[in-house]
Amino acid sequence: MARAALSLGLVAVIGTLLLTGVDALTRERIAQQERRVLLEQLGQIVPVRFDNEPLDDRFTFRAEPWFPKGQQVTAYRARLAGEPVAVVLRFLAVNGYNGNISLLAGINYDGSLRGVRVVSHRETPGLGDGIEAEKSDWVRSFEGKSLGRPPLERWAVRRDGGDFDQFTGATITPRAVVEAVRRALEYHAVNREALFERPADDRKETGG
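Just so you know, our numbering puts 535 at position 69 of the sequence shown, and the rest follows in order with no gaps.
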């Protein structure tokens with residue numbers, strides 16, 4: 467009986483170790499996939515003129531009221547010969563129709579936008595999902611914009627008197643994105659130097 471119990475115990479331990487190993491491998495593969503996707507997204511909106519590794523030259527922070535509801539923001543910095551070139555901020559538009567919309571905004575050192583991309587969302591297919599670069603060119607309308615171009619009071623969708631298009635049957639989604647991107651630009655305008663002076667986080671970025 468004792469020998470049988472010992473054998474069963476060994477089988478259980480070995481099974482647990484195998485499952486733990488498989489789980490660790492699965493999580494590592496998922497992390498690698500998320501990192502690859504994030505690299506692709508960053509590559510769409512960061513400038514070609516940089517010689518550092520933005521995924522490693524990054525830090526996370528919170529900053530109300532620019533990024534509301536206690537959200538955690540990640541800043542990825544692009545540099546050339548040690549000099550700041552651009553920063554990509556990962557943050558949330560918190561007023562989407564179906565919840566938060568995760569965004570990347572690439573901002574040149576001079577405050578102009580390199581571009582905006584949607585990381586994830588739960589907006590209505592066929593309506594709010596027009597914010598995706600794969601679904602329409604709407605999100606590319608941010609390229610080259612800044613706080614003065616258009617004027618601050620026109621950083622809104624057209625229905626609200628602004629310069630940005632809304633979608634047919636879906637105003638809330640683009641309104642949320644425009645507002646969130648404007649807030650990100652306002653944060654950059656006030657904190658541009660600090661964004662590049664803060665030390666990078668030690669933890670490796672996984673994209674999750």
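Take the hints with a grain of salt, since some may be wrong.
Straight-line Cα separation of at most 20 Å, EDC-like style, residue types lysine to aspartate or glutamate; simulated pairs [said to hold, decoys possible]: (1) K611 <-> D629; (2) K611 <-> D626; (3) K601 <-> D576; (4) K601 <-> D517; (5) K535 <-> E549; (6) K535 <-> E506; (7) K611 <-> E663; (8) K535 <-> E609; (9) K611 <-> D667; (10) K535 <-> E652; (11) K611 <-> E645.
DEER-style ranges, computed between Cβ atoms [claimed, not checked]: (12) R501 <-> D626: 19 to 27 Å; (13) T634 <-> E663: 14 to 22 Å; (14) R658 <-> E519: 18 to 26 Å; (15) G536 <-> E619: 24 to 32 Å.
Hints are computed from structural coordinates only; laboratory data are not their basis.
Glycine included, every Cβ here is placed at the ideal spot set by N, Cα and C.
Hint by hint, here is what the structure shows:
Between K611 and D629 the CA atoms are separated by roughly 11 Å; this keeps the pair inside 20 Å, and the hint holds. Using a Cα cut-off of 20 Å, the hinted pair K611 and D626 holds, with the two alpha carbons roughly 18 Å apart. In summary, the hint linking K601 to D576 is not supported, as the alpha carbons are separated by about 30 Å, beyond the 20 Å threshold. Restraint check for K601 and D517: the C-alpha separation of about 32 Å exceeds 20 Å, so the hint is violated.
A C-alpha spacing of about 33 Å is found between K535 and E549, which places the hinted pair above 20 Å, so the restraint is violated. Among the hinted pairs, K535 with E506 is inconsistent with the structure: their alpha-carbon atoms are about 28 Å apart, more than 20 Å. Between K611 and E663, the direct Cα distance comes to roughly 25 Å. Violation of the 20 Å bound is thereby established for this hinted pair. At roughly 27 Å between alpha-carbon atoms, K535 and E609 are farther apart than 20 Å, so this suggested pair is violated.
Distance hint between K611 and D667 is unfulfilled; the C-alpha atoms sit about 29 Å from each other, more than 20 Å. Between K535 and E652 the alpha-carbon distance is near 17 Å, which keeps this suggested pair within the 20 Å criterion. Straight-line distance between C-alpha atoms of K611 and E645 comes to about 13 Å, which keeps the hinted pair within the 20 Å bound. In this structure the supplied range 19 to 27 Å is violated for R501 paired with D626, their Cβ-Cβ distance being about 37 Å.
Distance hint for T634 and E663: a CB-CB separation of about 45 Å, inconsistent with the stated range 14 to 22 Å. A C-beta distance of roughly 21 Å is found between R658 and E519, which places it inside the suggested range of 18 to 26 Å. In this structure the hint that G536 and E619 lie 24 to 32 Å apart at CB holds, the actual value being about 28 Å.
Comparing the model with each numbered hint stated earlier shows that hints 3, 4, 5, 6, 7, 8, 9, 12, 13 do not hold.
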